Amino acid sequence: MNMRRLGTLAAVASIALIAACGSNDSDDGTTAVPEDGGSGGSSEPAVSIVSSRWVLSQLETADASLQPSGESEAWFEIGENGDVTGSTGCNGFSGAAEVSDSSITFQPLISTRRGCSGELGDIDNAMLGVLRGEVTAEVSGDVLTITNAEGGTLTLQASDQPATEL
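Going by our numbering, the first residue of the sequence shown is number 53, and it counts up by one from there.
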């Protein structure tokens, strides 16, 4: 008699599970997952800050507004474990960072000490100046905007190219 109850209970549970999951026999392309994928209503999913290579496209500070000319690429990447690697286009740098929903907190970064002049020197100083301490971070599609407390802003583009070694 207990086996009969167990069988009945299993059948009822299976029916409830099927009803809860729903079925899609109409093949109309619908899905049980919300269409926005949790991206805040944007039709384009945002790229993750972590494990993406971010290439500098615009830099703004109180002293300068620069767009890299392509002489040398400035970029950075934050790994899953919080390790930061990158290049200002002149000097390589590394360190650690902690990423939250709307901010990144950079531990002091170490960099090579190559002398850079002109635009490369300006980008080197400004980029390392912005990537210091807690900064706000906003991703829209494949663009990351980082702003520090002094108003310095980096606009970076996600790149499909893997990060190179320093």
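Calculated directly from the structure, the hints in this document are not laboratory data. In this text, all values refer to a predicted model and were calculated from it rather than measured experimentally. We put the CB at the ideal spot given by N, CA and C, even for glycine. Take the hints with a grain of salt, since some may be wrong.
What the hints assert, rightly or not - Here are the simulated distance ranges between beta carbons:
no., residue 1, residue 2, range
1, Gly131, Ser154, 17 to 27 Å
2, Thr207, Ser103, 14 to 24 Å
3, Asp212, Ser124, 30 to 40 Å
4, Ala148, Thr188, 13 to 23 Å
5, Gly193, Gly167, 20 to 30 Å
6, Ser155, Asp194, 18 to 28 Å
7, Glu125, Gly167, 17 to 27 Å
8, Ser121, Glu150, 15 to 25 Å
9, Ser103, Gly144, 31 to 41 Å
10, Ser192, Gly167, 15 to 25 Å
11, Gly203, Pro160, 29 to 39 Å
12, Ser154, Gln110, 30 to 40 Å
13, Gly193, Arg165, 32 to 42 Å
14, Arg166, Asp115, 18 to 28 Å
Here is how each hint holds up against the structure:
1. Gly131 with Ser154: 17 to 27 Å: The hint (17 to 27 Å, Cβ to Cβ) holds, given that Gly131 and Ser154 are roughly 20 Å apart.
2. Thr207 with Ser103: 14 to 24 Å: holds (20 Å)
3. Asp212 with Ser124: 30 to 40 Å: Between Asp212 and Ser124, where Cβ atoms are some 19 Å apart, the hint is violated.
4. Ala148 with Thr188: 13 to 23 Å: The hinted range 13 to 23 Å holds for Ala148 and Thr188, with Cβ atoms some 19 Å apart.
5. Gly193 with Gly167: 20 to 30 Å: For Gly193 and Gly167 the Cβ distance comes to about 37 Å; the hint is violated.
6. Ser155 with Asp194: 18 to 28 Å: Roughly 20 Å apart at Cβ, these two residues keep to the hinted range, so it holds.
7. Glu125 with Gly167: 17 to 27 Å: holds (19 Å)
8. Ser121 with Glu150: 15 to 25 Å: The hinted range 15 to 25 Å is violated for Ser121 and Glu150, with Cβ atoms some 32 Å apart.
9. Ser103 with Gly144: 31 to 41 Å: At 19 Å between Cβs, range violated.
10. Ser192 with Gly167: 15 to 25 Å: violated (36 Å)
11. Gly203 with Pro160: 29 to 39 Å: Since the Cβ atoms of Gly203 and Pro160 sit about 21 Å apart, the hinted range of 29 to 39 Å is violated.
12. Ser154 with Gln110: 30 to 40 Å: violated (20 Å)
13. Gly193 with Arg165: 32 to 42 Å: Roughly 36 Å apart at Cβ, these two residues keep to the hinted range, so it holds.
14. Arg166 with Asp115: 18 to 28 Å: Between Arg166 and Asp115, where Cβ atoms are some 21 Å apart, the hint holds.
Hint violations for this structure: numbers 3, 5, 8, 9, 10, 11 and 12, all remaining hints satisfied.
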